[in-house]
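Q: These protein sequence lines are chains X and D, in that order.
Take 1 as the starting number for the first sequence in the working numbering and just add one per residue.
Take 1 as the starting number for the second sequence in the working numbering and just add one per residue.
Where hints are given, some of them may not hold.
What the hints assert, rightly or not - Selected chain D positions facing chain X (Cβ under 10 Å, derived; list incomplete):
#1 Leu131
#2 Ala291
#3 Ile293
#4 Ala294
#5 Glu323
#6 Gln324
#7 Arg328
#8 Leu330
#9 Ala334
#10 Leu339
#11 Asn344
#12 Leu345
Just so you know, the hints here were simulated from the structure itself, not pulled from any lab data.
Just so you know, these numbers come straight off a predicted model, no measurement behind them.
Virtual Cβ for every residue (Gly too), placed ideally from N, Cα, C.
There are 2 protein chains.
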Amino acid sequence: MSYIPSAELAPRVLQGDRRAIARLLTRAESGVAEARATLDAMFALAGRAHVVGITGVPGSGKSTLVAKLVTEVRKSGRTVAIVAIDPSSPFSGGAILGDRIRMGELAGDSGVFMRSMATRGALGGLAKGTLEVVDVLDAAGFDMIIIETVGVGQDEVDIARAAHTTVVVSAPGLGDDIQAIKAGILEIADVHAVSKCDRADANKTIADLKTMLALGLTHLDREQWSRRTGPDPVVHGKAGADPAYRVDPDFRPDVIATSSVRDQGVTELLSAIDRHRERLERTGEIEKRRASIAERRLLAAGEGILHDAFARHRTGRLSSLLEQLRARTLSPHAAAQRLLRELNLGGDA
Amino acid sequence: MSYIPSAELAPRVLQGDRRAIARLLTRAESGVAEARATLDAMFALAGRAHVVGITGVPGSGKSTLVAKLVTEVRKSGRTVAIVAIDPSSPFSGGAILGDRIRMGELAGDSGVFMRSMATRGALGGLAKGTLEVVDVLDAAGFDMIIIETVGVGQDEVDIARAAHTTVVVSAPGLGDDIQAIKAGILEIADVHAVSKCDRADANKTIADLKTMLALGLTHLDREQWSRRTGPDPVVHGKAGADPAYRVDPDFRPDVIATSSVRDQGVTELLSAIDRHRERLERTGEIEKRRASIAERRLLAAGEGILHDAFARHRTGRLSSLLEQLRARTLSPHAAAQRLLRELNLGGDA
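Just chain X, same shape as in the assembly (with noise of 0.2 Å):
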């Protein structure tokens, strides 16, 4: 199989083409130089799919519900590409979880995308190629793209700056651990979805949600509830304290109760996405999101421009600046100004 140029495959991934869509999708995941022009041409056609990231903790039975949702988009009417980005191994790049096959029964129907996608290992993090890859799908006319991950902290962080709607999964039963981590993430749904509403203890779940949002907090900390006498909780932060991120005062996030064994409660989470994207739309926040991710691309792309950079002169330019690191005569921060400073890395005018 010939090395076709990216932008021969361009017009091809234009018209929906799925092997030059599954190629340009490899070259912009590992960074190849040549498709540059060819994935910046992409972003230029984005702009018109429904970025959707979905995340939630380990056992929160997030991707039985997004293969559920995903049927769902397609009774709609829409098409669908899936983002999926596996916990698989930072040094060996292998994906784990069985995506493809969890996924079969879509397999066969044209109007579903699906992409398993490794997280980043040592250099550049999940967000540059993620959007990328969402700029092609975006531009190959996908109506809406699904990222799913799984994990905690930063990464989902990065999902909810690069999507126009995420849905945060809650699952009832978890262990402490899990709801601490979970925590940290329930701050950034626009939609919340509760799964395995066929057991009885996911009303405390869908409960716990609802308080929480009642009283305007992000997140309840419980251990530190308990120990007040009183009885309001610890506020850790209110919502759309990030003000680049959230700037509608009266929003409050859906909670949708949802069975995947009963096949419940689908139906209610597509509505409860699509409300929140035609509020964006009706209280012009999507400008603000626009502007949010616009920032967080311009930066993670100056992160690749360094890491591509340090990449060519690690073993040359570079390596008496690593030398007076290692015998900490030089300090880090000084070292990266003379790395700056010395590397002609804006390119030529």
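Starting from the known structure of chain X, arrange chain D on it as the hints suggest.
A: Just chain D now, kept in the frame of chain X:
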């Protein structure tokens, strides 16, 4: 309480003054510009401590094991500082696990220093602030510095690369989703600790780890393994696949069975950690680790400079770039090149 200049805190930090240390750590964590020169001086004076990363999936019993290990380190006559990175809200920056309370029994011991850090949010990852915190504690004279994290993926890799010795804590009886995440971090272990070995099913966890190591694998993928007819597990990556990180082909991590309930295995765990450090020194691999850490820090510092410049100029000189990005008339890559060209990121020579 008036603001004491960082340069005045420095001599007190070097004498081990706990309040001075705490203040300088806060400045390192929040990236205060005034502290830059002092933190660079701390970097120059650091390099003596044994830095140990301890990580594990939610529910692994890692935090309890760290508390036991700290007591053991103190018994051996060494001082120890713990940097605990909490699964806190990326927006509010608040820590949610009650570390200080959990570690209460050690609070009166002047040979122990405990610091909770929030995971970073929007800009800047885990590594940069954490490593400057480690510099300060190292310069302050602590013999061992333990970096404890809950999490998955990138954070764990960053720890492996910042620490001399990385301990991965596994536990019996975790769910499939958790096991899948665990697979991604097993390969960064220099020492494996299995917790909760009072449980009967711990034997299987230990046996699995030993099988994996004996086969030279980085992890066992049971899902893919069980789908195959043959007896061989799928090989995702060989230990040592990253030559910058591990160069000793004969190295095989110890697997230590521990039980916090029965107070078993903690002495053995500390011995394994100490043996690993001795091996690093004996084989010369310590120099490779230091080189790898120097590279990480140079890149992280470069990113820091980029982020600072971005924060300074985003409403000024960068606003037209961002506007073009929002309009998709300029790609993120082209905009980042202009950013690097137009801002004098390297400062004056």
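Q: Tell me, in ascending order, the numbers of any earlier hints that this structure violates.
A: No hint contradicted; all consistent.
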